[in-house]
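In order, the protein sequence lines correspond to chains A and B. Our numbering numbers the first residue of the first sequence as 1 and each following residue consecutively. Our numbering numbers the first residue of the second sequence as 1 and each following residue consecutively.
Just to be clear, a hint being listed does not mean it is correct.
Said to hold, decoys possible - Selected chain B positions facing chain A (Cβ under 10 Å, derived; list incomplete):
(1) K30
(2) D162
(3) L164
(4) E171
(5) S175
(6) G177
(7) N179
(8) S222
In short, the hints are calculated from the structure, not lab data. Glycine is no exception: its CB is placed at the ideal position from the N, C-alpha and C atoms.
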Amino acid sequence: MTAVEAEKLTVLYDGKPALNDITFSLDEGKTLLLLGPNGAGKTTLLRTIACFHREYLGRLLVFGDEPCRKRDLISYVPQSYKLNERIPLTSLDVVVMGSLYRRSLFHLRIDKKMYKKAKNVLNFVGLSGVEKKLFRELSGGQKQRVLLARALMADPKLLLLDEPLSQLDPNARAEVAAVLKKIKSKKGITMIITTHDVNPLIDLGDLVMLLNRRMVAFGRPEQVLQDFVIKSVYGPLAKTVKVGERLYCIIGDTHIYQRDAP
Amino acid sequence: MIEPFLLRALLASLMVGILLGLLSPLINFKGLAFLTHATFHALLFGTILGMIVLLLTGWSYSITLVSLFVTIVVVMGIAGLERKGFMPDSAVGIMASFVAGLTILGFGVLYSLMASKPYYPLSENIISYLTGEIFLVTLGDLTFLVVAGIVVVFIMLVFYRDFLYTSFDPEGIESLGGNVRFYLSLMYFLVGFVSALVVKSVGLITLQVIAVLPGAISARMSRDLREIVGLSLVLTILTMILSLLIAYPTGIPPSGIATLFLGAIYIATARRGVS
Numbered sequence: 001m002t003a004v005e006a007e008k009l010t011v012l013y014d015g016k017p018a019l020n021d022i023t024f025s026l027d028e029g030k031t032l033l034l035l036g037p038n039g040a041g042k043t044t045l046l047r048t049i050a051c052f053h054r055e056y057l058g059r060l061l062v063f064g065d066e067p068c069r070k071r072d073l074i075s076y077v078p079q080s081y082k083l084n085e086r087i088p089l090t091s092l093d094v095v096v097m098g099s100l101y102r103r104s105l106f107h108l109r110i111d112k113k114m115y116k117k118a119k120n121v122l123n124f125v126g127l128s129g130v131e132k133k134l135f136r137e138l139s140g141g142q143k144q145r146v147l148l149a150r151a152l153m154a155d156p157k158l159l160l161l162d163e164p165l166s167q168l169d170p171n172a173r174a175e176v177a178a179v180l181k182k183i184k185s186k187k188g189i190t191m192i193i194t195t196h197d198v199n200p201l202i203d204l205g206d207l208v209m210l211l212n213r214r215m216v217a218f219g220r221p222e223q224v225l226q227d228f229v230i231k232s233v234y235g236p237l238a239k240t241v242k243v244g245e246r247l248y249c250i251i252g253d254t255h256i257y258q259r260d261a262p
Numbered sequence: 001m002i003e004p005f006l007l008r009a010l011l012a013s014l015m016v017g018i019l020l021g022l023l024s025p026l027i028n029f030k031g032l033a034f035l036t037h038a039t040f041h042a043l044l045f046g047t048i049l050g051m052i053v054l055l056l057t058g059w060s061y062s063i064t065l066v067s068l069f070v071t072i073v074v075v076m077g078i079a080g081l082e083r084k085g086f087m088p089d090s091a092v093g094i095m096a097s098f099v100a101g102l103t104i105l106g107f108g109v110l111y112s113l114m115a116s117k118p119y120y121p122l123s124e125n126i127i128s129y130l131t132g133e134i135f136l137v138t139l140g141d142l143t144f145l146v147v148a149g150i151v152v153v154f155i156m157l158v159f160y161r162d163f164l165y166t167s168f169d170p171e172g173i174e175s176l177g178g179n180v181r182f183y184l185s186l187m188y189f190l191v192g193f194v195s196a197l198v199v200k201s202v203g204l205i206t207l208q209v210i211a212v213l214p215g216a217i218s219a220r221m222s223r224d225l226r227e228i229v230g231l232s233l234v235l236t237i238l239t240m241i242l243s244l245l246i247a248y249p250t251g252i253p254p255s256g257i258a259t260l261f262l263g264a265i266y267i268a269t270a271r272r273g274v275s
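Looking at chain A on its own, in the form it has when it is part of the complex (with noise of 0.2 Å):
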């Protein structure tokens, strides 16, 4: 089954067009990879498909009706720096979240079968112990482990993720990466993960978008993360490196810094 399908989808903001001529498909069990430089529309994509923003021209379809109709199918998870720390929830407390709001309005009591289920999705993305920490107090992999549980909650067919991987350090990334490919393999749930560093996302992606306020590409990752394909959007600089079997994309802020000779 198809699990999201856009035809000349173009995103709008306040009429003005954001993104333009999207089409694409992803079938379910998949997962899309999308990239772009900073403003190339990969949040807005991801947040029309999650329904947050509903002005656009064109087609699109999850899991075959409007996206806001199928809200109970999709977990988003957000950049974590937009979550207000200030307030001293528990790790249990964030992952318990994802599983109530589908049920009803108010929340004065929790069902401690909740708390069984929360404990167990920590345990899945390996996290068991950290129930009781304080969500600020945990670094930014265990962080994006915990957003990743608590949209694992509402048991999703469709899971999109906003830049999992931005601000956290090579081995937080790794982990995070390994939770991801897990999700795949064991629930199989079909992902959309934006992201500006593909290298540690790389072979969980089934597919690759390139994004630039269009669809520059679309495809297998072999077939997108070609040298001239990511030269057109992100300059001279860019370029793929193949090591192996393995193919690497350096496409982040590149600085030369040339000295003139003494």
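Following the hints, put chain B in place on chain A, whose structure we already have.
Here is chain B on its own, set in the frame of chain A:
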């Protein structure tokens, strides 16, 4: 035998303590301290408008009800501006300055009316709304405060977790199926409603202090949510009752004592936490 006015003042203090004690952590966590400034302006304008209505109609509850109405309209207006994409401080700034302008106009109209009806002691009333007059709370005021207060406490307890979660991650809660717009609107409504409800007891100026400091102090003292809310409740009730008991024999306004008491605790706990 305890004097009836003192008993009314004690009960009013207890209710105000419970309401603001519960609300204060939310105000701190959501970063709504600036909103209390807008409610200050709204309440002042509402009080003046209520006095004008009182002078024109003679309806004794006009000040309470008009200030309640104006405050809720202003607070919901701020919530509406935020939904349209305004930054919280811009939304508060726009509404507060607009209402401040209306207040000055209202003062002009009020003084003209007072000149034509010199037998109404309204000039005292303006001061009493600024400083609070808990010893002058009538049985009618107390009944309204307690009944409305119990309803508000019930609503707050039912939605407290959702207010916290929505303040933590509105986007995430929306994606999880939560009605963020409803929770935020209800929270803003409660801030406005509680402010208008307690203003006659604690006064406009003290309201800002008692609405913010207990939550801020408690967040410094503990890292546990339940403890923070519990501490805030105890601190607010204690402050209200103590200031009343000190004010009775000394004649110092209780709102002033409450402000000094909380200010001293805040400074004393300054080395703890980050709030």
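A quick look at each hint next to the structure:
1. K30: Because about 8 Å separates K30 of chain B from the closest Cβ in chain A, which is inside the 10 Å limit, the hint holds.
2. D162: 6 Å, holds
3. L164: 6 Å, holds
4. E171: 5 Å, holds
5. S175: 3 Å, holds
6. G177: 4 Å, holds
7. N179: 7 Å, holds
8. S222: S222 of chain B check passes; min Cβ-Cβ to chain A is 8 Å, inside 10 Å.
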